[in-house]
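Protein chains in written order, with the working numbering: chain A, 653 to 988; chain B, 653 to 988.
The set of hints was computed from the structure by calculation and includes no laboratory data.
It cannot be assumed that every hint is accurate.
The list makes no distinction among identical chains, and a pair is therefore deemed to hold if it is satisfied within one copy or across any two copies.
As the list claims (entries may be wrong) - Straight line, CA to CA, 30 Å or less: simulated DSBU-like cross-link-like pairs of lysine-lysine:
1. K757 to K772
2. K829 to K753
3. K860 to K757
4. K761 to K865
5. K694 to K978
6. K865 to K757
7. K958 to K944
8. K944 to K694
9. K754 to K706
10. K867 to K888
11. K753 to K706
12. K706 to K936
13. K753 to K865
14. K897 to K980
15. K753 to K799
16. K897 to K694
17. K799 to K767
18. K944 to K706
19. K958 to K867
20. K761 to K867
21. K687 to K888
22. K897 to K918
23. K860 to K829
24. K694 to K888
2 protein chains.
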Amino acid sequence: MIHGGIIENYPDFPSNGIDFSINVNPLGYPKLVDKAIIKNLKSLNRYPDIYYRKTIENVANYLNIDSENVVLGNGSMEIIDVIIRLFDRILIDEPCFNEYKKRAKVWKKNIASFKDSELKTNDLIILGNPNNPTGELIPYDLRELYKKIRESGAFLMLDETFIEFADKEEESIILFKTFGFNSVAIIRAATKFFSLPGLRFGYGAVSKDLNEKIKSIQNPWSLNAMVEPVSEIIFKDEEYISNSKRLVSCERERLKVLYKDIKSVKMLPSSANFYLLEVKNSAKELFEFLLKEGIMARIFNEEDLKGEYLRFAIRNREDNDLLINKIKKYDKGLMI
Amino acid sequence: MIHGGIIENYPDFPSNGIDFSINVNPLGYPKLVDKAIIKNLKSLNRYPDIYYRKTIENVANYLNIDSENVVLGNGSMEIIDVIIRLFDRILIDEPCFNEYKKRAKVWKKNIASFKDSELKTNDLIILGNPNNPTGELIPYDLRELYKKIRESGAFLMLDETFIEFADKEEESIILFKTFGFNSVAIIRAATKFFSLPGLRFGYGAVSKDLNEKIKSIQNPWSLNAMVEPVSEIIFKDEEYISNSKRLVSCERERLKVLYKDIKSVKMLPSSANFYLLEVKNSAKELFEFLLKEGIMARIFNEEDLKGEYLRFAIRNREDNDLLINKIKKYDKGLMI
Numbered sequence: 653m654i655h656g657g658i659i660e661n662y663p664d665f666p667s668n669g670i671d672f673s674i675n676v677n678p679l680g681y682p683k684l685v686d687k688a689i690i691k692n693l694k695s696l697n698r699y700p701d702i703y704y705r706k707t708i709e710n711v712a713n714y715l716n717i718d719s720e721n722v723v724l725g726n727g728s729m730e731i732i733d734v735i736i737r738l739f740d741r742i743l744i745d746e747p748c749f750n751e752y753k754k755r756a757k758v759w760k761k762n763i764a765s766f767k768d769s770e771l772k773t774n775d776l777i778i779l780g781n782p783n784n785p786t787g788e789l790i791p792y793d794l795r796e797l798y799k800k801i802r803e804s805g806a807f808l809m810l811d812e813t814f815i816e817f818a819d820k821e822e823e824s825i826i827l828f829k830t831f832g833f834n835s836v837a838i839i840r841a842a843t844k845f846f847s848l849p850g851l852r853f854g855y856g857a858v859s860k861d862l863n864e865k866i867k868s869i870q871n872p873w874s875l876n877a878m879v880e881p882v883s884e885i886i887f888k889d890e891e892y893i894s895n896s897k898r899l900v901s902c903e904r905e906r907l908k909v910l911y912k913d914i915k916s917v918k919m920l921p922s923s924a925n926f927y928l929l930e931v932k933n934s935a936k937e938l939f940e941f942l943l944k945e946g947i948m949a950r951i952f953n954e955e956d957l958k959g960e961y962l963r964f965a966i967r968n969r970e971d972n973d974l975l976i977n978k979i980k981k982y983d984k985g986l987m988i
Numbered sequence: 653m654i655h656g657g658i659i660e661n662y663p664d665f666p667s668n669g670i671d672f673s674i675n676v677n678p679l680g681y682p683k684l685v686d687k688a689i690i691k692n693l694k695s696l697n698r699y700p701d702i703y704y705r706k707t708i709e710n711v712a713n714y715l716n717i718d719s720e721n722v723v724l725g726n727g728s729m730e731i732i733d734v735i736i737r738l739f740d741r742i743l744i745d746e747p748c749f750n751e752y753k754k755r756a757k758v759w760k761k762n763i764a765s766f767k768d769s770e771l772k773t774n775d776l777i778i779l780g781n782p783n784n785p786t787g788e789l790i791p792y793d794l795r796e797l798y799k800k801i802r803e804s805g806a807f808l809m810l811d812e813t814f815i816e817f818a819d820k821e822e823e824s825i826i827l828f829k830t831f832g833f834n835s836v837a838i839i840r841a842a843t844k845f846f847s848l849p850g851l852r853f854g855y856g857a858v859s860k861d862l863n864e865k866i867k868s869i870q871n872p873w874s875l876n877a878m879v880e881p882v883s884e885i886i887f888k889d890e891e892y893i894s895n896s897k898r899l900v901s902c903e904r905e906r907l908k909v910l911y912k913d914i915k916s917v918k919m920l921p922s923s924a925n926f927y928l929l930e931v932k933n934s935a936k937e938l939f940e941f942l943l944k945e946g947i948m949a950r951i952f953n954e955e956d957l958k959g960e961y962l963r964f965a966i967r968n969r970e971d972n973d974l975l976i977n978k979i980k981k982y983d984k985g986l987m988i
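Next comes chain A alone, as it looks inside the complex (with noise of 0.2 Å):
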């Protein structure tokens, strides 16, 4: 199985390559995130509070919920796998993040289409909004859906790792914080939009009940010392977080265009700050040809993803125009 972040097996790749294979913030982190490590180094030294109290408190007024409703992780997977301990079927939509079916074959889950399959008590549907790799929004109504989930007896899990770069924000939070988020969970986490997937910052919204079952098999201390600190700054950097989505959203828009012109390759719809390129031909070749060209895209194996297609991040201007004019070239050998 490959993973995003894979520059390791690629031995050979420039380092200054640019790869388009790691789905994070264009921008790179908050700047003011090197000061507060800095400044804090010497937590390093200290065992991080067993109960997270600070971290928690900014988690809560970032996502404007109560503290009994964050649920705190090493990463979104930590918690997606604890959720996913207590369920008896994983109901999920392919394509998408290749770790819920890991994860629920680790569990010895019964694994099933969500489309497809009638809900009953104790089956957990887990949704990527955005899903990953598609970049799609949720194809459902939430509160259509949440019906449903309440009548059946089931859980909903939303992975919204990737939603602050939706132009339009889903109100999964505030609409969920009106039922004290029973029967859901929300996961967000640093990883993506502050772009710390070294740090290893998960959090979400649950139920209190929920969260007191996930604090009571957690492993204690599974954030590292770094969290707390970072947690201080991130959450209140709005300038950095209005030019994030500002920065995808256009680069969005743009790239839409720009691949119009290109008749080998299509990009499909997204909402998140990465997209699907479908290729004419064939995937692989193209994956070879930019590798070549100093650029690494995220390809699949058959069982994440059938079919011809890439993944590429959304990156700045500059390194978009380069992939395009890279993806340009391949398109005119192709004509020869």
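With chain A held as given, fit chain B onto it using these hints.
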């Protein structure tokens, strides 16, 4: 349950107070750690290598074992937790680190006393070496113990997160290397000896087969991106390593002498960087006396350690002398 490092629970504790409740290296972490992290802050912008290849290599060199035997975890906790999952019954010698029992309960395992049980197939024996909170090395001969393990089909986990502080390091790694680490796991960490509890960097030695099993069920990216650069430098810092061993060893011997003159307490034998103090009157009373004097001891609840004990870290000479003086003051108060 009160963990070490609970200073947050005592908001009145003076900021110039001394925390003897955390049992990490009194020298603090190696000086080069700050530089390594500052130089590699940009790693936070990327996912850690999902295979942690460089980190594994660094641990393999430090422990002088093959890479395929190196297991990593988000602190030793993650490794201990994932191994507990794999067995039917957990055997411990109480008093011991209370997380063994807590994790076993989370996984709904049977828990029994090692001393009082006949070994069965699929038993997991967990022994702290040195043991926390007593500080003592295991009282068993490793070769005899291993013979029993192999005959019964049980499995031995040695939690050696404090082993570098012991004067005579048990040769567990050298011994079990000759057996390919079959039926054993030796757990180490940067947490205690390298004084990096905030980093969450656990490692250990297991057989190749068990390692593959662990990797197949561990969450991906469970170690943060700062671990790799830190692993590049701490294991090579021979001056720090020898200074740390010398300081703790000398202070331990010095404290033994100093405590002999104090009638109301007794220092119990230890091979670690902490020791138990048996309090003739009330441990709680001494704890509260010291708290007012700006000293935080580790106090236990009934479940973790019965009897009148407090645990103290071995700190630098100045701090240890201060503690001795405060305890003498307490002792004197009792006489009046």
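Going down the list of hints, with the structure as the test:
1. K757 to K772: Answer is both: 19 Å inside a copy and 29 Å across each meet the 30 Å cutoff.
2. K829 to K753: within (28 Å within a copy, 36 Å between copies)
3. K860 to K757: Both ways: K860 and K757 sit 27 Å apart in one copy and 22 Å across, limit 30 Å.
4. K761 to K865: So K761 and K865 pass the 30 Å test inside a copy (19 Å) and across (18 Å) alike.
5. K694 to K978: Close across copies (27 Å), not inside one copy (46 Å); limit 30 Å.
6. K865 to K757: For K865 and K757, both the intra-copy (22 Å) and inter-copy (13 Å) Cα distances are at most 30 Å.
7. K958 to K944: Intra 24 Å, inter 67 Å, cutoff 30 Å: intra-copy only.
8. K944 to K694: Result: close only across copies, 25 Å inter versus 44 Å intra.
9. K754 to K706: Cα proximity of K754 and K706: across copies only (25 Å, versus 32 Å in one copy).
10. K867 to K888: within (27 Å within a copy, 37 Å between copies)
11. K753 to K706: between (33 Å within a copy, 28 Å between copies)
12. K706 to K936: between (47 Å within a copy, 29 Å between copies)
13. K753 to K865: both (22 Å within a copy, 18 Å between copies)
14. K897 to K980: Intra 27 Å, inter 63 Å, cutoff 30 Å: intra-copy only.
15. K753 to K799: Classified as within: same-chain Cα gap 25 Å, cross-chain 41 Å, threshold 30 Å.
16. K897 to K694: For K897 and K694, the Cα distance is within 30 Å only across copies (21 Å; inside one copy 33 Å).
17. K799 to K767: Cα proximity of K799 and K767: one copy only (16 Å, versus 55 Å across).
18. K944 to K706: Between copies only: 26 Å across chains, 47 Å inside a chain, cut-off 30 Å.
19. K958 to K867: between (38 Å within a copy, 27 Å between copies)
20. K761 to K867: The answer is both: 21 Å in one copy and 19 Å across copies each meet 30 Å.
21. K687 to K888: Cα proximity of K687 and K888: in one copy and across copies (15 Å, 28 Å).
22. K897 to K918: Classified as within; 24 Å inside a copy, 63 Å across copies.
23. K860 to K829: within (11 Å within a copy, 47 Å between copies)
24. K694 to K888: both (23 Å within a copy, 21 Å between copies)
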